[in-house]
Amino acid sequence: MKYEDAIKKYDPVIGIEVHVELGTATKMFDAAPNTFGGGPNTNVTPTSLGLPGSLPVVNEKGVEYAIKIGLALGCEIAETCRFARKNYFYPDVPKDFQTSQSDEPIAAEGQVEVELEDGTIVTVPVERAHMEEDAGKNTHVGGATGRIQGADHSLVDYNRAGVPLVEIVTHPITGTGERAAEVAAAYVRTLRDIFRALDVSEARMEQGNVRADVNVSLRESPEAPLGTRTETKNVNSFRSIERAVRFEIARQATLLEAGEKVVQETRHFHEETGETSSGRPKSDADDYRYFPEPDLVPLQPSREWVEELRASLPELPAQKRRRLLGEWKFSDLEMRDIVNAGLLEAIEDTVTAGAKPAAARKWWTGEVARLANQDDKHPTEIVTPAQVAGLVDLINEGKLNDKLAKDVLTGVVAGEGEPAEVMKARDLEIVEDTGALEAAVEEAIASNPDVVEKIKGGKMQAIGALMGPIMKATRGQADAGKAKDLILAKLGV
Amino acid sequence: MTELTNKSALELAAGLNSGEFSSVDVTQAHLDRISATEDDFNSFITVTDELALETAKAVDAKRSAGEDLHALAGVPVALKDLVVTEGTRTTAGSKMLENWVPPYESTVHNKVKAAGLPVLGKTNLDEFAMGSTTEHSAFGNTRNPWNLDHVPGGSSGGAAAALAGFQAPLSVGTDTGGSVRQPAAFTGTVGVKPTYGSISRFGIIAMASSLDQVGPMGRNVADAAALHELLAGHDPLDSTSLPDEVGGFLSAAQTSELKGKKLGVIKQLAGEGYQDGVRTAFTAALETAAAAGAEIVEVDCPSISYALDAYYLIMPSEVSSNLARYDGMRYGLRVEPESGPVTAETVMSATRAAGFGDEVKRRIILGTYALSAGYYDAYYGSAQKIRTLVQNDFAKAFAACDVLVSPTTPTTALKFGAEKAADPMALYLGDVATIPANLAGIPGLSLPAGLADGLPVGFQILAPAREDIKLYEVAGPLEAALESAGGRVLDTLAEGLNAK
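Chains as they are written, first to last, in our numbering: chain A, 1 to 493; chain B, 494 to 993.
In short, the hints are calculated from the structure, not lab data.
Don't be surprised by glycine CBs; every beta carbon is placed ideally from N, CA and C.
There are no misleading hints in this set.
Cut-off 25 Å, straight-line C-alpha distance, at most; resulting in silico cross-link-like pairs (DMTMM-like, lysine to aspartate or glutamate):
no., chain 1, residue 1, chain 2, residue 2
1, B, LYS854, A, ASP286
2, A, LYS86, B, ASP870
3, A, LYS362, A, ASP479
4, B, LYS878, A, ASP103
If we take Cβ atoms under 7 Å as the criterion, some of the chain A residues that face chain B in the derived model are:
no., residue
5, PRO46
6, PRO52
7, LEU55
8, ASN87
9, LYS95
10, ARG289
11, PHE291
12, LEU296
Work out the full structure, taking the sequences as your base and the hints as a guide.
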């Protein structure tokens, strides 16, 4: 059954668990550096290796970041919460338990407003955000696929073991209907933007800083009880999230149509095919024997601290978008293009530097984006907001027209200097010599009697036909406005 | 037995200070004593003679140079082999860690090193501190110096035997349910379980994290007090470490009086199931205390009756999790399956099957069960509630007296292979008087109170949490009163050993 048919027939319910690696200097429970890369097993201490006798100590910065995330998601911050041990045997878990939080998370019950492509806002209910530590990384050697099956042996790197994570769990997200897959991806993108705005994580999907597990189930109707869900693990790009949800909805619908049952299990997503495959059955048989971590004392973030953090929260992306939309008077579509292109900050800074919002938007999304695209770069990598504002200034002062400004921009991008310098160096400033302009205008009038007739007859748009020759004669440096005034004056219109 | 090994730690400290002898003399005397007696006692898993002499030499040099030294500098000490020692193998009494040489240092050993105490070696224990006889050690039984046919107690059996056998003047043990106090009672020595969090657990191989506490041990109260002062104090590496300033233990032990002290006899711990000789010695000690001016009252701690049950749920639960890491993947023993595929899972399974002894396995199984979904509330959850009740009972009891007292153990040291020693349930019952203190986190001390059938009897004192000093305020003068009434318990042994 195809996705399109599946969502007509069934009501999809999704649930998403997002793990974000916090950008603290050290790990969650020990002093080992929290950095990406480095030789295997170099960023470790006795605690992150789980050596006999080692003990954990809570990283206060990690707690601070978790509280900030909780606050940004509108959660209640617990007055007291605890860490718990999640017990399971696996070589990448050095203590054979993961220090996590179970029934006492640091943050609970919030919501995230997610904006879809067309501007629709969907509210995603958040059940909880809790702190935990990451596991190490297994590398399977000797097999064809790099998977454990067929491997000769496995290597474990504990550099990542103990890296602080916050896991954000949604309540079941209902009522999304045909947009379920889109909502799933947009939700994770929104969280990614929030993490970056809070500066609690680099939040780079491709480095695995943000990872999502996607739960999907189907039911006959919104009134029916929830169906059996599957959990697709570690889906690590927005596009993959969307594809994984689409695939699961279609797959489950096909099963249900055939009168079969959906098996509750974890599934793996395959980038190459866009399909998911069965992992291990997940059922009540999964018993992590949670109990409060006795090596740590309960955490009691003071209300003063929480309020301090709340007051220090930066403006979140959604708030900022709403504010700027009002200030700039762009259309919803224009605003979305800016956000999707990652140009909101750049345009805001350009406006702060003195440019009008419309001009800033025009240059960033137009010529700057085009030039950046040629070099496979982001627009903000090739010019600064101050430079764009400088360029706009020169246009406003009448020293450049759009065409000349593009030339100046090329020079700025090439590293020739600031816009004013490039304009001077390349000799691009608009000609102020009215003698030369007058000559060009007269020449144009003389050579185009038919156009002149039209203008005299009241067809003002015909002036454009004279501008070509004038510009040609002045090598583009004529001020279009002045040329127009001259033509009208000479024709006595 | 030389004169030097017969001296208490404080006597040795005084002699070192006055220049009567050197730390090398003292350390060598104890090392000689160890090599002469280890065949009998088997107190040590590893003797670190070279390191000990190196430390002794360094301390002697500093003393000659007139440097400021710790009061116990140069006095040798033995560490239970649960204390991580960087560069010296640390086994936890288990085959699992038979060849494990720690690459890092424990806070306890750091403190001992900083104070300049030569470490004689690592003492024997029941595997991962689970047991009360040392019979569960992978390195053989330690025998009680009082009678080699009897157990020295456990799990800090090696630590206690090293003291009673005059192999070491000071020992560091650990106490999760009585593992310092019970062997102290069985060997006629003094063992202290401080308030939970008094001494750092960083680098102490974990048995049950919420119950484990390092304990100073000596042949008399003052020695234990001095060692307690050395070891205690806040450690930022242990999140459960108390921020309290510590001190005054030694002077409390040396200068306090029994007059006016209120000793509460715990009704639930003075009656049935106790060996006659133990009861007699305990009652006699109470009379001695009363004669010295102490007031004896009876107090009721009803929930103590459930303490043992709660302990045997909480302890194994934490054990099952703490011992999960011994899986053959990173350090210690690694065993591949005899047949079938070699995978992480089969190696973990084969390693744990081969590396752990029966008692450890029994507790891991118990704990795994108690924490399982569907049982958690009934077992671990209920046990935690009892824990709160025990704490409340103690709080009420301490409102009516300064300290609580009881016999440390229901019996004197059992014989190896005795019926009781083979029955785990009977052995668990032997911890009935010591366990409540661990559940409540309060401090406890055992000191010798005479003999029963030629074996020592332990007298336990319990004090409110973070008031460890009260242990010494009573134990110090009580020890003096008991000695003037009946002589020093250990002198009897010393005479016996000398006669050999």
